[in-house]
Every structure is written in C-alpha cells, then in structure tokens.
Amino acid sequence: MKNEKGMALLLTVVMLFVLTSLLLHLLSVYESEKLFLQMEKDWHSLDHLLLTGMEEVLSLLEQGKSGDLAAGKLNYSDGVVHYQITRTAGSEQTIFLQAELFSGRTRHVKMTRNAISGEIAQWVEGG
34 MKNEKGMALL
44 LTVVMLFVLT
54 SLLLHLLSVY
64 ESEKLFLQME
74 KDWHSLDHLL
84 LTGMEEVLSL
94 LEQGKSGDLA
104 AGKLNYSDGV
114 VHYQITRTAG
124 SEQTIFLQAE
134 LFSGRTRHVK
144 MTRNAISGEI
154 AQWVEGG
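For the sequence shown, our numbering gives the first residue as 34, with consecutive numbering after it.
Everything hinted at is true.
Just the calculated beta-carbon pair ranges, DEER-fashion:
#1 Trp156 with Ser110: 20 to 26 Å
#2 Phe50 with Gln155: 53 to 59 Å
#3 Gln155 with Lys106: 20 to 26 Å
#4 Glu66 with Gly137: 17 to 23 Å
#5 His81 with Glu152: 18 to 24 Å
#6 His58 with Ser110: 34 to 40 Å
#7 His77 with Glu152: 22 to 28 Å
#8 Leu70 with Ile153: 30 to 36 Å
#9 Thr45 with Ser136: 42 to 48 Å
#10 Gln155 with Val51: 52 to 58 Å
Hints are computed from structural coordinates only; laboratory data are not their basis. Quick reminder that beta carbons are idealized off the backbone N, C-alpha and C, glycines included.
Input sequences plus hints: build the corresponding full structure.
Shown next as structure tokens:
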C-alpha cells in the first residue's frame, strides 16, 4: 500500500501519452481531409472549365470562325482556358485545351473532332 502514489503517477502519464497521441492523430486526419476537400473542389472547377471551354470553342467552330481560331484564350471567373486547333488528316480537327485555375492547378485535354459531322471522336486527358 505504500507504493500506490507511484502507480497513480505512472498510470496518469500513460493515459496522458495515449490521449496526446490520439489528439495528434486526429489532427493529422483533419489536415488530410481538408487537403482532400480542396483538391476535390479544384478538380471539379477544372472539369467545369474544360467542359465550358470545349462548348465555347465548338460553338465558335460551328459559327464558321475556324480560320480565325488557330489558338486562343477564354477567360472565366474561376480561371483561364487556353485552346489550340490543328487540322489533321482529312476532315478531322485536333483541339488541345488547357484549363488553369487562378490557384495554379491545371488540366489538359486533347480531343479529335470530325469537322463535317461535328462528332467528337476521341477525348484524352493528361499529358
């Protein structure tokens, strides 16, 4: 019974160590989730920029301004879309799109479009 004070101190130190470790782990998980949420928002914003830029470039091509559209830049509230149009074999056009957020994140798309039918034959992301 004389050694109870030492045991209580040891038990308290061990419990504080466990609680501190748990707190640090939860803080690490919180930071990871916060980073994941920001990356997810950026991904959706880039996806929206690419789709909106693609629609605008295709509408400009359908209006008959394809001779003036070798390359260009489209400004939006979330970021900028750069595009470049090249003619490939036959009636196909290759369109390169690069969406860039104001935070600096980017995504690239290369698509092939049939100029006669207007169909998108290929959509390749990355690179």
